[in-house]
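So the chains spell out like this:
There are 2 protein chains.
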Amino acid sequence: MRSPCPICAALDLVGDKWSLLIVRDMIWLGKTRYNQFTDSPEHIPTNILADRLKRMERFGLIQSKPYQDNPPRHEYHLTDKGLELRPVLIEMIHWANKHIPGTITPPVPID
Amino acid sequence: MRSPCPICAALDLVGDKWSLLIVRDMIWLGKTRYNQFTDSPEHIPTNILADRLKRMERFGLIQSKPYQDNPPRHEYHLTDKGLELRPVLIEMIHWANKHIPGTITPPVPID
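For the protein sequence lines, the chains are A and B, in the order given. Letter by letter, the first sequence follows residues 0 to 110 of numbering that gives the first Met the number 0. Letter by letter, the second sequence follows residues 0 to 110 of numbering that gives the first Met the number 0.
Please keep in mind that the hints were generated in silico from the structure rather than gathered at the bench. Heads up, a few of these hints could be off.
[To be verified] Example chain A residues on the side facing chain B (calculated, C-beta under 7 Å, incomplete):
(1) C7
(2) A9
(3) G29
(4) I43
(5) P44
(6) K80
(7) I92
(8) W94
(9) I99
(10) P100
[To be verified] Across the chosen pairs, the derived CB separations fall in these ranges:
(11) G101/A - N46/B: 43 to 51 Å
(12) R1/B - P106/A: 28 to 36 Å
(13) P100/A - I47/B: 42 to 50 Å
(14) L82/B - Q62/A: 21 to 29 Å
We put the beta carbon where it would ideally sit given N, CA and C, even for glycine.
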């Protein structure tokens, strides 16, 4: 850890442009599989997706489990630790809806 | 913008390991000046600090104003847009205090 500051510690885990989008896809869109994540409109590069899934599993935010043997494929689910990032994302939604023109208000309930 | 998703739009502005630490220093520690930010325990590199302050001003999160002419020096203050990131940070604090061992609970009221 860079410091014992909780904000800093959180950013060390999810302070990048992609990890929280994967959490978003899992929470609100029910995505679990590799090609579902690459289908999102932000078009996450596959090498970044692979890296972030590995990091997020190492940090205890997600768990992987195999769903196919040949070729081997995994699906990914949020742990409680990952799921509980939801309030952070909800505050980001409120903030962006208020301050960044052109952002859409989610059609699903977020509170 | 990568997409009209508000979470994505927020991350395009503050989805990095440093910008929100600068916001933290401004909100809770009242920091406004360059050397005050470099004094924080995370030791932000000066080139990154300069880059982030420029980006944050371009994004409308902070405003700079000169406080000294020779040599020229600026101080930085949050705009309403920057200040209203507070609820995002507070949710990060709650999340990290619960899920990341070794993080300290801030001694000042955060709610």
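Which of the listed hints are broken here?
Those not satisfied are hints 3, 4, 5, 10, 11, 12, 13, 14.
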